[in-house]
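J.: Model the full structure from these sequences, guided by the hints.
For the sequence shown, the numbering used here assigns the number 2 to the initial residue and increments by one for each residue that follows.
If you're looking for bench data, these hints aren't it; they were derived computationally from the structure. Nothing here was measured: the structure is a model prediction, and the numbers come from that model. Any given hint might turn out to be false.
To be verified - With a Cα cut of at most 20 Å, we get these calculated EDC-like pairs of lysine to aspartate or glutamate:
id: 1; residue 1: K86; residue 2: E101
id: 2; residue 1: K86; residue 2: D130
id: 3; residue 1: K102; residue 2: D24
id: 4; residue 1: K86; residue 2: D24
id: 5; residue 1: K102; residue 2: E78
id: 6; residue 1: K102; residue 2: E116
id: 7; residue 1: K86; residue 2: E106
Unchecked claim - Pair by pair, the computed Cβ-Cβ distance ranges are:
id: 8; residue 1: D33; residue 2: R85; range: 15 to 21 Å
id: 9; residue 1: E110; residue 2: R69; range: 20 to 26 Å
id: 10; residue 1: I122; residue 2: M18; range: 34 to 40 Å
Even for Gly, the Cβ is constructed at its ideal location relative to N, Cα and C.
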Amino acid sequence: MELSSLEDRLNRDNRRMIDRDDDRGLTFVIRDGAGHAVGVAAGYSWAGTSELTLMWIDEAHRGRGYARQLLDAFVAEAADRGVRKIWVSSHDFQAPDLYEKAGFERMAEFSGWPEGHSNIILCKTIAADGGA
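T.: Following this line, the structure appears as structure tokens:
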């Protein structure tokens, strides 16, 4: 069986178990003048929560505020969908400071993942009116 087929089956089971069928992808891309992707924020929303699973900015385009623009767009769209909690995982050598500056709180830190580093789980709670 293909991995995507198994993921589809797992997602169907999850939706059935909690009687929520509102899962949708959530993606924002920044492109350069030639149309090439230079930054992306991607994840999904489901059952009042969201997970940001991919945040990437091309090395040549870092330091221009693109990551914060993408993160703000992701959070705003999630709030518009009724999401109340957004989760993200970031290694200590990636961007945990970006998320904390945007109102995410550290919920857990797993040292040794990968070896010599930590994986940090962060969460942002969105108020019912869409504010942080």
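J.: Which hint numbers doesn't this structure obey?
T.: 3, 6, 8 and 10
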